[in-house]
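Chains as they are written, first to last, in the working numbering: chain A, 1 to 126; chain B, 1 to 119; chain C, 1 to 931; chain D, 1 to 89.
Calculated from the structure, these hints are not laboratory results. Ideal Cβ placement from N, Cα and C applies to all residues, glycine included. Hints are not guaranteed to be accurate.
What the hints assert, rightly or not - Simulated restraints, written as ranges between beta carbons of each label pair:
no.: 1; chain 1: B; residue 1: Leu108; chain 2: C; residue 2: Pro598; range: 20 to 30 Å
no.: 2; chain 1: C; residue 1: Lys775; chain 2: B; residue 2: Lys106; range: 16 to 26 Å
no.: 3; chain 1: B; residue 1: His65; chain 2: C; residue 2: Phe717; range: 28 to 38 Å
no.: 4; chain 1: B; residue 1: His65; chain 2: C; residue 2: Lys775; range: 46 to 56 Å
no.: 5; chain 1: C; residue 1: Thr588; chain 2: B; residue 2: Val18; range: 47 to 57 Å
no.: 6; chain 1: C; residue 1: Met790; chain 2: B; residue 2: Val18; range: 49 to 59 Å
no.: 7; chain 1: C; residue 1: Asp774; chain 2: D; residue 2: Met1; range: 51 to 61 Å
no.: 8; chain 1: C; residue 1: Ile12; chain 2: A; residue 2: Leu43; range: 52 to 62 Å
no.: 9; chain 1: B; residue 1: Lys29; chain 2: C; residue 2: Thr588; range: 44 to 54 Å
no.: 10; chain 1: C; residue 1: Met790; chain 2: B; residue 2: Val8; range: 28 to 38 Å
Unchecked claim - Pairs of lysine to any residue, SDA-like flavour, derived with a Cα cap of 20 Å:
no.: 11; chain 1: C; residue 1: Lys760; chain 2: A; residue 2: Ile78
no.: 12; chain 1: C; residue 1: Lys775; chain 2: D; residue 2: Gly27
no.: 13; chain 1: C; residue 1: Lys760; chain 2: A; residue 2: Glu62
no.: 14; chain 1: B; residue 1: Lys110; chain 2: B; residue 2: Asp32
no.: 15; chain 1: B; residue 1: Lys96; chain 2: D; residue 2: Gly27
no.: 16; chain 1: C; residue 1: Lys760; chain 2: A; residue 2: Asp96
no.: 17; chain 1: D; residue 1: Lys26; chain 2: B; residue 2: Ala89
no.: 18; chain 1: D; residue 1: Lys26; chain 2: C; residue 2: Phe625
no.: 19; chain 1: C; residue 1: Lys539; chain 2: C; residue 2: Leu164
no.: 20; chain 1: C; residue 1: Lys781; chain 2: B; residue 2: Glu114
no.: 21; chain 1: C; residue 1: Lys158; chain 2: C; residue 2: Phe228
no.: 22; chain 1: C; residue 1: Lys781; chain 2: B; residue 2: Leu97
no.: 23; chain 1: C; residue 1: Lys781; chain 2: B; residue 2: Thr35
no.: 24; chain 1: D; residue 1: Lys26; chain 2: B; residue 2: Arg111
no.: 25; chain 1: B; residue 1: Lys42; chain 2: C; residue 2: Thr780
no.: 26; chain 1: C; residue 1: Lys781; chain 2: B; residue 2: Ala89
no.: 27; chain 1: C; residue 1: Lys760; chain 2: A; residue 2: Ala95
no.: 28; chain 1: B; residue 1: Lys96; chain 2: C; residue 2: Lys775
no.: 29; chain 1: D; residue 1: Lys26; chain 2: C; residue 2: Thr605
no.: 30; chain 1: C; residue 1: Lys678; chain 2: A; residue 2: Val39
no.: 31; chain 1: C; residue 1: Lys760; chain 2: A; residue 2: Met82
no.: 32; chain 1: B; residue 1: Lys96; chain 2: C; residue 2: Phe625
no.: 33; chain 1: C; residue 1: Lys764; chain 2: A; residue 2: Ala95
no.: 34; chain 1: C; residue 1: Lys781; chain 2: B; residue 2: Arg111
no.: 35; chain 1: C; residue 1: Lys357; chain 2: C; residue 2: Asn436
no.: 36; chain 1: B; residue 1: Lys110; chain 2: C; residue 2: Thr780
no.: 37; chain 1: C; residue 1: Lys918; chain 2: A; residue 2: Ala95
no.: 38; chain 1: D; residue 1: Lys26; chain 2: B; residue 2: Glu114
no.: 39; chain 1: C; residue 1: Lys723; chain 2: A; residue 2: Glu62
no.: 40; chain 1: D; residue 1: Lys26; chain 2: B; residue 2: Leu66
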Amino acid sequence: MEAIYAFCVGILTTCGFFLVLRGRTFTVVIGLTLLSYAVNLFLFASGRLTIDGAAVLGQSTEYSDPLPQALVLTAIVIGFAMTAFLVILAMRSRADQGNDHVDGQVPTISNNSAASNSASSNKGNN
Amino acid sequence: MEFWIELVVSVFLVAGAVFVFIGSLGLAKLPDFYTRLHAPTKATTLGMGGLLAASAILMTYQQGHLSLHELLITLFLLITAPVTAHMLAKTAMHHKLQITEKTVDKELSKRARERNTPT
Amino acid sequence: MNLLWVVLLPLIGTLVPLLTERFGRNVCAFSVALLPAWSLILVLMHVGEIFDGEAIRQTIEWIPSMGLDLSFRLDGLSLLFLLLILGIGLLIILYARYYLSDKDSMGQFYAYLILFMSAMVGIVISNNMIQLWMFWELTSISSFLLISFWSHKPDARKGARMALTVTGTGGLALLAGLLLLGNIVGSYDLDTVLASGDLIRAHAAYPIALVLVLLGAFTKSAQFPFHFWLPHAMAAPTPVSAYLHSATMVKAGIFLLCRFYPALAGTDLWFMIVSLTGLITLLLGAYIALFKHDLKGLLAYSTISHLGLITLLLGLNSDLAAVAAVFHIINHATFKASLFMAAGIIDHETGSRDMRKLNGLMKYMPHTATLAIVAALSMAGVPLLNGFLSKEMFFAETLDQSMLGSLSWMIPLLATVGAAFSVAYSLRFIHDVFFNGEPIDLPKTPHEPPRYMKVPVEILVALCLAVGIFPAYLVGDLLHAAAFSVLANDVPMHSLSIWHGFNIPLFMSFLAMVGGITIYYNRRHLFEFQAQFNEPDAKYIFEGAVQSLIKFTQRIMATLENGSLQRYVFLMLLFTLVMSAYPLFELTQNAGSRPQLPIDGVAITAALLLIISAIATVIWHRRRFLSLIYLSVVGLIVSLAFAKFSAPDLALTQLSVEIVTIILLLLALYFLPQSTQKESSNRRLSIDLTVSALIGCVIGTICFAMLTTPLNSISDFFIANSKTGGGGTNVVNVILVDFRGFDTLGEITVLGIAALGIFKLIAKMRIYVPTRDDKGRPWTKDRHPLMLAMVSQSLLPLALLVSVYIFLRGHNLPGGGFIAGLITSVAIIQQYVANGVLWIKPRIKVDYQWLIASGILMATATGLGSWIFDKPFLSTWFDHFHLPWVGEFELASAMIFDLGVYLTVVGAVLLILANLGKLTTSERVDNKENV
Amino acid sequence: MLNTAITIATTLVCISLILNLWRLFKGPSRPDRILALDTMYINSIALIILFGIASGTALYFEAALLIAMLGFVSTAAMCKYILRGDLIE
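Whole structure, please, built from the sequences with the hints as guidance.
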């Protein structure tokens, strides 16, 4: 079970980082969301895995570690706030710069499709 | 626990699970969206009812008092399933999804679509 | 008395001129002189003890835990230098008062000067190597400020930068050397280090330490090949040159050599490096000085050559030589300072320093001329002047060394040649400037300076004479004490008398005289000879080096920091990978001893779903809506995992947050491109994939290792005290609202701040609203489908009921403020979706900022409330009550805190989502219809 | 007998989850995918209930309840997105 868990965490991390490395803000946000899933699972894992051991007194014989759970719980909520902030920033840059590339302008080296895309978004913006 | 309770619960469980499975199977197998729409929203909901009934009986028996969660969940599902189906149907109409040949009364859908299409 | 004050008084004095500047020049100068004079008196009060060979020590604990404390010591050498620094410093203060013009900011100048003075004082009385180094660097910085005092002159700026670069680099080398020494000895205490000279010399690292320390010393005292900064530092105002470049700063290097003489000297390596460097510097400086047309340039090079002389003496590894060196330190300081001041006066009164123009000033300023001539003769080493004595000793020392084996005779010869050149340039200084016809088109008609401007020169010249005639009476004890502390053992017999009878040194100085005169009279040929090769100007070389360095740096920046966030993230990631992967290589086997859980089918299915949908999110990341759907699957599975591994609270939170996130992303996606073309090249993709995959492997490995190692957690405490201390059975919630309540308070504050920030960001955002979807279909007219609207309205009370229920049970069963808040806000958002803003507006009147504020306030108030019962912040109170019908129930102050959390969460989420949603309401064209 | 029933039910539900994922892949249209997602939500409710029955605790029903609520919300939101573009107007 542990192996599967760790493997999933690894996969989530990989996907998250790969998406974070992409050039478009929305994709980066999605990547960060995946990444925060991975991080939460990782933090949660620091309390080890237990089944039927919810940390509610009187409900089970041996309890899972409640401390990481509390930490992760707040981490999830804060993670949402962070994601929201990023999303708004992305929209703001789209509104101000006319495209949604993380660098503010679509790199010229990229192929013409990207250029046309940015052109369309420019047309859209004004 | 007494045999008959266990029996009832097990029956409900298996029956519900089977219905849930049928729903998903339909979702996977049926030819076009409109037919697929039926499977989860009907069969699966029914199956859920079965499962929830099973768990309700069991919990009531174990805890000695009526357990309300299941009722609540059932209520939610029963209320929301039709709406979900409705919304999905609307989107399908909006996307003008194709319908299979064997569908009876295509005119209905055509008319509905005409009524629906923005002018 | 307090040695600390000796350094502290001048340091405080740095502020004095800034305060007293407005009261006029005299007051300013006088007030500035006060504190240094005071500390000079403090020093003089101890001359007696020092002359008896004692050393006064004092240690003030600073950070005893780290073994850092301020420690000072006053011995003969320190005394000598203190007298030079403070004494000449006072004269300079007086001199500068007349030198500075009204345009110069006097207070600033004095402030820098006094800062430098205190730094020097700090160097010479430090008894701790690190402390010494700090003052050392302080001198570099303050001298930079002084040299660049006329910052409008490019020369001044360039010269200052050069000086700072050279001496600063040397300072770093010195730091390395000192650390090395401290390592060898095991202490940074100077006494200990000096006492353990044999240990150091025997140590393997001795050569390195020696070279590093010498680098520091040589750069500071302008030894070859680092001499080039000194002439360029002459762009400074003359008082600065007179102070820094004769008596103090350049002498700091010499001081270092003397100070570490007991610890480092006495080896062949020391001899080779120090004496040869000294010899070369001596000759080079003397030779170049002859050809300088600039007065101060000449003096600068002569300073270089005299410093070389002192270095050479120190390098000879003989006690008498050390004595001679110390003696020459005194003499050089006196006559060179006076010469610089004289040059300054000439510059001040004639407006020129070019010796081709300055001629026959004797009849314009006889007084100054006489003083300058005497000082110059002392520089030349004429009998009856102090220069003569130390030069005699120098010759004597060069004779009785046999370090170069059969070539040892060269050293006295070269010494004589150097002396001859110094005679020559001294002659040139005298003859060219004061005689030799009439001045040629000077800016001003020369005349005597103000009376008191000459006083410092007079005092110094008087000293030159007096020391030259009665050396033993005046400086005997001082010299003895200083030499004693340099040698750290008995000082050999030396007689400070003018006449030692006819001996070789006398003959050598006679030769030097004759040679010097001949050189000077045939200088034409020499000048022509010199004119052939144009000596490379160090400034251009240095500036070129600096420029190329800057270019190099710019190139690096251009590659590393090209303004592409994508690239930065990649580099950061790479770094993280390296840093986190490295320790894993030590990890022999990553599976720990903790028994692992059995694998069941559900887990496999869930893992399958998770992995597939995560990868699908990546694969279709350009079709954004699709990847969003896959993302929500991932979120669902993650929350299922939380539920499975017995963390119901997490499952609930994850679920609600996931839905909220999806709604948020949907809202945003409406304004963003629905899909983008392939942008990055396959190579780029594969590189990124590799890196992120590697990181994934690393993280996975760490996670597995962590999962399989036995757990020792502090949570038993929480579990034990949750019921008794926090009054709740849901330990997670009790931790949140009670044990770690303070953290939670911080969290919700952050949440609120983020929400407000977003609110401000959204405000007045003008953004493009698409009128058709990505396939070009127009949107449907039906804005609020009836069924959805009705059912949502009917579901709202149910949802709110659920959230209240979740909130109330939170303390004892899974649930709590966070989750309840999320549920409530989702329920309300559903109303927004189903019925629209216009429907909500009249129904929800409270605005969400207020919700956030009241929530945080409530939470804080709960915390503060516990102060009333003088308990620590955020300690909970709870009790059980009995009500008919309801039965036993519990009230806890934690519940109010949780309510605060609830309100904050609701406020934040709604503030974000609702405002994001409202963005378009005014802009939709078809908005007016069928409202 | 109960355990066998639970095992059978769980297996069936797992299979149906995988079927849903398959539909989610296959598409072809957006409504199909949304429908698949919605079904996934419901099936996971089933999973949680079975888990609760198996472990005999009532702690996980809230999770099921929440999924029932929120699954509906997200489905509705996605439909609204397809129909109107922006959710809140």
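Hints, verified against the model:
{"no.": "1", "hint": "B/Leu108 <-> C/Pro598: 20 to 30 Å", "in the structure": "violated (54 Å)"}
{"no.": "2", "hint": "C/Lys775 <-> B/Lys106: 16 to 26 Å", "in the structure": "holds (23 Å)"}
{"no.": "3", "hint": "B/His65 <-> C/Phe717: 28 to 38 Å", "in the structure": "holds (34 Å)"}
{"no.": "4", "hint": "B/His65 <-> C/Lys775: 46 to 56 Å", "in the structure": "holds (54 Å)"}
{"no.": "5", "hint": "C/Thr588 <-> B/Val18: 47 to 57 Å", "in the structure": "holds (51 Å)"}
{"no.": "6", "hint": "C/Met790 <-> B/Val18: 49 to 59 Å", "in the structure": "violated (33 Å)"}
{"no.": "7", "hint": "C/Asp774 <-> D/Met1: 51 to 61 Å", "in the structure": "holds (54 Å)"}
{"no.": "8", "hint": "C/Ile12 <-> A/Leu43: 52 to 62 Å", "in the structure": "holds (54 Å)"}
{"no.": "9", "hint": "B/Lys29 <-> C/Thr588: 44 to 54 Å", "in the structure": "holds (52 Å)"}
{"no.": "10", "hint": "C/Met790 <-> B/Val8: 28 to 38 Å", "in the structure": "holds (36 Å)"}
{"no.": "11", "hint": "C/Lys760 <-> A/Ile78", "in the structure": "holds (19 Å)"}
{"no.": "12", "hint": "C/Lys775 <-> D/Gly27", "in the structure": "holds (16 Å)"}
{"no.": "13", "hint": "C/Lys760 <-> A/Glu62", "in the structure": "violated (48 Å)"}
{"no.": "14", "hint": "B/Lys110 <-> B/Asp32", "in the structure": "holds (16 Å)"}
{"no.": "15", "hint": "B/Lys96 <-> D/Gly27", "in the structure": "holds (15 Å)"}
{"no.": "16", "hint": "C/Lys760 <-> A/Asp96", "in the structure": "holds (15 Å)"}
{"no.": "17", "hint": "D/Lys26 <-> B/Ala89", "in the structure": "holds (19 Å)"}
{"no.": "18", "hint": "D/Lys26 <-> C/Phe625", "in the structure": "holds (15 Å)"}
{"no.": "19", "hint": "C/Lys539 <-> C/Leu164", "in the structure": "holds (13 Å)"}
{"no.": "20", "hint": "C/Lys781 <-> B/Glu114", "in the structure": "holds (13 Å)"}
{"no.": "21", "hint": "C/Lys158 <-> C/Phe228", "in the structure": "holds (12 Å)"}
{"no.": "22", "hint": "C/Lys781 <-> B/Leu97", "in the structure": "holds (19 Å)"}
{"no.": "23", "hint": "C/Lys781 <-> B/Thr35", "in the structure": "violated (26 Å)"}
{"no.": "24", "hint": "D/Lys26 <-> B/Arg111", "in the structure": "violated (29 Å)"}
{"no.": "25", "hint": "B/Lys42 <-> C/Thr780", "in the structure": "violated (27 Å)"}
{"no.": "26", "hint": "C/Lys781 <-> B/Ala89", "in the structure": "holds (16 Å)"}
{"no.": "27", "hint": "C/Lys760 <-> A/Ala95", "in the structure": "holds (15 Å)"}
{"no.": "28", "hint": "B/Lys96 <-> C/Lys775", "in the structure": "holds (12 Å)"}
{"no.": "29", "hint": "D/Lys26 <-> C/Thr605", "in the structure": "holds (19 Å)"}
{"no.": "30", "hint": "C/Lys678 <-> A/Val39", "in the structure": "violated (29 Å)"}
{"no.": "31", "hint": "C/Lys760 <-> A/Met82", "in the structure": "holds (15 Å)"}
{"no.": "32", "hint": "B/Lys96 <-> C/Phe625", "in the structure": "holds (19 Å)"}
{"no.": "33", "hint": "C/Lys764 <-> A/Ala95", "in the structure": "holds (11 Å)"}
{"no.": "34", "hint": "C/Lys781 <-> B/Arg111", "in the structure": "holds (17 Å)"}
{"no.": "35", "hint": "C/Lys357 <-> C/Asn436", "in the structure": "holds (11 Å)"}
{"no.": "36", "hint": "B/Lys110 <-> C/Thr780", "in the structure": "holds (17 Å)"}
{"no.": "37", "hint": "C/Lys918 <-> A/Ala95", "in the structure": "holds (16 Å)"}
{"no.": "38", "hint": "D/Lys26 <-> B/Glu114", "in the structure": "violated (28 Å)"}
{"no.": "39", "hint": "C/Lys723 <-> A/Glu62", "in the structure": "holds (16 Å)"}
{"no.": "40", "hint": "D/Lys26 <-> B/Leu66", "in the structure": "violated (43 Å)"}
Going through the hint list in order, the structure does not satisfy hints 1, 6, 13, 23, 24, 25, 30, 38 and 40.
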